[in-house]
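*Asks:* Protein sequence lines, in the order shown, are assigned to chains A and B.
Count along the first sequence from 1, add 196, and you get the number used in this note's numbering.
Count along the second sequence from 1, add 4, and you get the number used in this note's numbering.
One thing to keep in mind: the hints can contain errors.
Pairs of lysine-lysine, DSS-like flavour, derived with a Cα cap of 25 Å [stated by the list, open to error]:
hint, chain 1, residue 1, chain 2, residue 2
1, B, Lys24, A, Lys321
2, A, Lys251, A, Lys318
3, B, Lys84, B, Lys94
4, B, Lys215, B, Lys169
5, A, Lys318, B, Lys19
6, B, Lys24, A, Lys251
7, A, Lys225, B, Lys169
8, B, Lys215, B, Lys19
9, B, Lys84, A, Lys321
10, B, Lys84, A, Lys318
11, A, Lys225, B, Lys84
12, A, Lys321, B, Lys19
13, B, Lys24, A, Lys318
Ranges between beta-carbon positions, derived for each pair [said to hold, decoys possible]:
hint, chain 1, residue 1, chain 2, residue 2, range
14, A, Leu267, B, Gly191, 29 to 35 Å
15, A, Asp231, B, Thr130, 15 to 21 Å
16, A, Asp345, B, His133, 27 to 33 Å
17, A, Arg338, B, Asp228, 32 to 38 Å
18, B, Lys19, A, Ala261, 39 to 45 Å
19, B, Glu32, A, Gln291, 35 to 41 Å
20, B, Ala55, A, Lys225, 17 to 23 Å
21, A, Thr375, B, Thr70, 44 to 50 Å
22, A, Gly370, B, Gly158, 50 to 56 Å
23, B, Leu145, A, Gly370, 33 to 39 Å
24, A, Asp231, B, Asp188, 26 to 32 Å
25, B, Ala119, A, Arg247, 40 to 46 Å
26, A, Asp243, B, Arg115, 21 to 27 Å
Since the hints were derived computationally from the structure, they do not count as laboratory data.
Glycine included, every Cβ here is placed at the ideal spot set by N, Cα and C.
The chain contents come next:
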Amino acid sequence: MSMSGGHHPEQESFAALRTKALESLLVEKGLLASDAIDTLVQAYEQDIGPRNGAKVVARAWVDPAYRQRLLENGTAAIAELGFVSGQGSEFVVVQNTPTIHNLIVCTLCSCYPSGLLGLPPKWYKDFAYRSRAVIEPRQVLRELGLDLDDTAEIQVWDSTAELRYMVIPERPIGTEGMTEEDLAQLVTRDAMIGVANATAPAIV
Amino acid sequence: MNGVHDLGGMHGFGKVHIEKDEPVFHEEWEGRILAMSRQLGIALGPLPPGAARFIIESMYPTRYLTASYYERLGIEVVEKRALANGIITKEELDQRTEFFREHPASSVPRREDLATVEGILAGLRTQRHPSPEGPAPRFRLGDPVLARNLNWSGHSRLPRYIRGKRGSIARVNGWYAIEDGHADELGPNPQTVYTVGFAGPEVWGPNTDPKLRVYLEMWEGYLDAI
Chain A
197 MSMSGGHHPE
207 QESFAALRTK
217 ALESLLVEKG
227 LLASDAIDTL
237 VQAYEQDIGP
247 RNGAKVVARA
257 WVDPAYRQRL
267 LENGTAAIAE
277 LGFVSGQGSE
287 FVVVQNTPTI
297 HNLIVCTLCS
307 CYPSGLLGLP
317 PKWYKDFAYR
327 SRAVIEPRQV
337 LRELGLDLDD
347 TAEIQVWDST
357 AELRYMVIPE
367 RPIGTEGMTE
377 EDLAQLVTRD
387 AMIGVANATA
397 PAIV
Chain B
5 MNGVHDLGGM
15 HGFGKVHIEK
25 DEPVFHEEWE
35 GRILAMSRQL
45 GIALGPLPPG
55 AARFIIESMY
65 PTRYLTASYY
75 ERLGIEVVEK
85 RALANGIITK
95 EELDQRTEFF
105 REHPASSVPR
115 REDLATVEGI
125 LAGLRTQRHP
135 SPEGPAPRFR
145 LGDPVLARNL
155 NWSGHSRLPR
165 YIRGKRGSIA
175 RVNGWYAIED
185 GHADELGPNP
195 QTVYTVGFAG
205 PEVWGPNTDP
215 KLRVYLEMWE
225 GYLDAI
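I would like the entire structure built from these sequences, with the hints used as guidance.
*Replies:* Below is the structure:
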């Protein structure tokens, strides 16, 4: 490697090197299959993500009977649409109303409904969210741009066992007559965790 | 265990930063180590319930607090499992790490196995369920309960912030294998897990938002009747 003018090519992090070391040793010893690693990475990068949860929410918005089934038995209701919770063994859906706002967290680690929302975003796993969501959720939401009414109750769900949760955000006003597919576009990951509302439709 | 991972209610970590359009993996190694930890669960068999989390929780506190998520969940667990099972030695691992540092253009060897690929895909499509049977639940919807004050050093899913607090049963869930390191002292296994609701001021004190309610999932053995 040339070192002209004191410039050093960027070195890989220790974590990247350690991962290569582990992968190479475990592949050599027959414990890992490289294509299976590729498969999982691709599944999470391309196939499994919040668009799944958005479909469930949009269906709940247009079909009151489905919403009821979702609230009574989330695991069975998402299976109707071909989804699994990913992690955990029971899937529980909680709905936002004008007087109740829900927020999901895992204070102890990072439990998350990965089958519906994909892998959790970094902020969900970071210490600030894990520590503050259960003690000062209103302030956390305000900092993220969501100002709850003082009269609204806030319910925080700490995933301490094998249940996994998802929030049905309120359906935005001005969405009457929209197709289910278009409604799903308004449902963000942040809204299904509870740190945001669903997006308002574009004003034409 | 009363570790630094038990973060509920702690102060000092600053603001929550949401990265716009964040990538699924920020670095390539993150996705690969996640996939490797899943595969090890198949190749070596699953760890007992809670054991993988306990490996992470047992990192020395300053290591836990300064390591990134995939360093904790991925590298720590894969490394510890591989070493504990005698698959690799620390010397081998350190030498190989050094090799890749000195030879950045070297590629990782490949081995392909369709059966493993199919196993991974099947796993992604599988819905797990609670245990099919267990003892009659001790508590019913609405019952007042007290979170026990247990401070054992093994793995626990009873956060410090809830111990000794009074709540009420909000949902009676299924039966689950106990994940606590002290399973033997928590009653029948598997046992009912309850969703328990606690009023904010009960958990955090008198100046707390009275409109806050915190719900946790709790194994029956974590609860006392009141």
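*Asks:* Return holds or violated for the Cβ distance of B:Ala55 and A:Lys225 against the range 17 to 23 Å.
*Replies:* holds, 22 Å
*Asks:* Do the Cβ positions of A:Arg338 and B:Asp228 conform to the proposed distance bound of 32 to 38 Å?
*Replies:* holds, 36 Å
*Asks:* Between A:Asp231 and B:Asp188, does the beta-carbon spacing fit 26 to 32 Å?
*Replies:* violated, 42 Å
*Asks:* Hint says 21 to 27 Å; check whether the CB-CB distance for A:Asp243 and B:Arg115 agrees.
*Replies:* holds, 24 Å
*Asks:* Straight-line Cα separation of B:Lys24 and A:Lys251 no greater than 25 Å?
*Replies:* holds, 22 Å
*Asks:* Sort out whether B:Lys19 lies within 25 Å of B:Lys215, counting only the CA atoms.
*Replies:* The given pair, whose Cα atoms are some 22 Å apart, holds under the 25 Å limit.
*Asks:* Are A:Lys225 and B:Lys84 close enough, with their CA atoms no more than 25 Å apart?
*Replies:* holds, 16 Å
*Asks:* Starting from B:Lys84, check that the Cα of A:Lys321 is at most 25 Å away, please.
*Replies:* holds, 22 Å
*Asks:* Taking 39 to 45 Å as the stated bounds, is the beta-carbon spacing between B:Lys19 and A:Ala261 within them?
*Replies:* Hint holds: Cβ distance 41 Å, inside 39 to 45 Å.
*Asks:* Can you confirm whether the C-alpha distance between B:Lys24 and A:Lys321 stays at or below 25 Å?
*Replies:* holds, 16 Å
*Asks:* Between the alpha carbons of A:Lys318 and B:Lys19, is the straight-line distance 25 Å or under?
*Replies:* With a Cα-Cα distance of about 13 Å, the restraint between A:Lys318 and B:Lys19 holds, given a limit of 25 Å.
*Asks:* Starting from B:Lys24, check that the Cα of A:Lys318 is at most 25 Å away, please.
*Replies:* holds, 11 Å
In summary, the structure is inconsistent with hints 7, 16, 24 and 25 from the numbered list given earlier, while agreeing with the others.
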